[in-house]
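Residue strings, one per chain:
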Amino acid sequence: MLDVEKIRRDFPILSKTLEGKPLVYLDNAATTHKPESVIRALDNFYRQDNSNIHRSTHGLANKATEDYERTRRHVARFIGAACAQEIVFTRNATESINLVARSWAAENLKAGDEILVTEMEHHANVVPWQMLAREKGLKLKVLPFDDQGLLKMDELDSLLTEKVKLFAFTWVSNVLGTVNPVEELVRRAKARGAAVLVDAAQAAPHLGVDVRKLGCDFLAFSAHKMLGPTGVGVLWGREELLDAMPPYQGGGSMIEDVRLPEGTTWNLAPWKFEAGTPDIAGVACFDAALDYLEALGMDEVHRREAELTALALDRLQRVEGFRLYGTRDPSRRGAVISFNLEGANASDLGQLLDSMGVAVRTGKLCAHPIMRHYGVEGMARASFYFYNTGEEVERFVQDLQRCRKILGVPAVKA
Amino acid sequence: MTEALPPKLKAMVEELNSVDDLTDKYEILIEIGGRLEEIPEEAKTEANLVRGCQSVVHVYGGLQDGKMAFRGHADAMIVNGLLTLLVEGLSGLTPREVLAVSPDFIKETGVVKALTPSRVNGFYNIYERVKALALAASNAGGK
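Read top to bottom, the protein sequences are chains A and B. Numbering-wise, my numbering puts 55 at position 55 of the first sequence, and it's gapless, one number per residue. Numbering-wise, my numbering puts 73 at position 73 of the second sequence, and it's gapless, one number per residue.
Isolated chain B, as found in the complex:
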């Protein structure tokens, strides 16, 4: 399944899949999240807030030269790692390419058990937000 993933996302997913133990996977997620570029305080707005997460999560983004550029931050480290998979892994793609990425890869990593709205990890809600941003960009004329 990782074959079909965009290269940056694929690399991170392979890193997660390289270990079996869930604690080790979380450590990798924390490390991945630690590499994420900080967002400015003024970006932590109500509009950018992803609801339904136990931790405070902000995600935003839009088109830059025809490609999606996402940014985000979560105040919990594991969620921040999950967010990084999407924010880093899907930036640089066209809106259509973003929309073509299935979120199922996350189940195979074992760090998220079910793709349902969950307050604990928030992955699904973050994924939905990223998709909505790509869809909005696509409707606004991006390809």
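Same shape as in the complex, but just chain A:
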């Protein structure tokens, strides 16, 4: 059982007020807050260890390199990778996916080949494939979801033809909250010979990840959604795939030897994918974020979030005009609740809640196809993390009731 009061004291920003009211932060799917240990690690890096990595021979550089590579080993352990060489640091999950598109897919897919995505993808797992498809004459296919926000699994096999070379899908939807049956999806795609990329941006912060158990080929996530700093993303790839892939960007530190006018050779994976100076301080302090999550235990994190989600769904159902997008089945959803109130515009809800100290996200949530599916202009989204409390959920729902009253009078002329 997590001691939430104690946990909250670790997060300085949680005691902040918003518009003079205690902040209720329910935008954790966008980014999470950072505990003192992560903030201190970042501060400490610049005070004590700052240097560039992999280049200079002096002591500071060695320490900075060790800080950076220690996090790589830690990430590898955290997600059950075979070795640290399977971990590539990027700027964010989006860049991780773009890396696979521009390197592995650009090298291995040819005109006429197909990529399968789902209808519930974040734009980050749609647009890179569309761009590549346009350039190379590939075809993008889409596995739809039903009105409950669940993937139509019975359509999967007919979509997974032998032309499909890659199945790229999200583990947990950033809008619907759906936790997709990741192992089954991977197994069925692999059985048809497709490579599999899992977008774990909304999964890695909340569920235990074991890439060997998943059986996929690539997995992408961002540090900032799991207590870490912004500017650090992770791409995990199976070692033999990363070894065979060409570099993504050219520049310093990704080379073995540079010759003029040609003849340059590449460094080994993962360093051949990390051109230029990376976010060294960010990577170094991500280590502390992983320590924090491990100390709590990912099972506890998930259990706590499930409790908060269940409470919120129970209370929200009593709000007149509340419309939930996604399944009500708690075993199939994460800590993301996207909704509308009948007759209210989502942006009004977001602004009014903000004025009451409650931070939620509104709009199209980087998922235009999901908005089209439901025929709505936008949604409001409350997303929880383990540091949220039942009292915060109650306040959110009370304030939502207040929004409903405010927006009901006077009625805007249609």
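FYI, nobody ran anything at the bench for these hints, they're computed from the structure. Keep in mind it's a predicted model, so treat the numbers as computed, not measured.
Calculated pairs, BS3-like style, for lysine-lysine (alpha carbon to alpha carbon, straight line, at most 27 Å):
1. A/K163 x A/K213
2. B/K113 x A/K364
3. B/K44 x A/K364
4. B/K113 x A/K405
5. B/K113 x A/K21
6. A/K213 x A/K190
7. A/K16 x B/K113
Starting from the known structure of chain A, arrange chain B on it as the hints suggest.
Chain B in isolation, oriented as in the chain A frame:
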């Protein structure tokens, strides 16, 4: 700062400034927006659409007897209130008078924190559209 504002805009801004709490200010904006005259469906065109707003916003206008006449609509109530400040508050002025109004007044009301393009409230984008309409009228010969 409100001293320099045209009378109709000034009255609405003073109404907003009469309360401190942001929720109360939004309630006033919603009320102000509720007073705005509805625009015809056929005016909700692509050309009148203000891009970069989270809600669907249409603004248009031109010269009538030498004065600017603006009209508009937003499908979100708070944005509709913000839009009303500009559409109602600046109608009846010459193009040159419209262009002389600084948008800074909105920061003082506290309902918009920064005058930068923001998808959430769209105020800046609506202001830019209103200004462009006044500039076009001015270039076409209006004073």
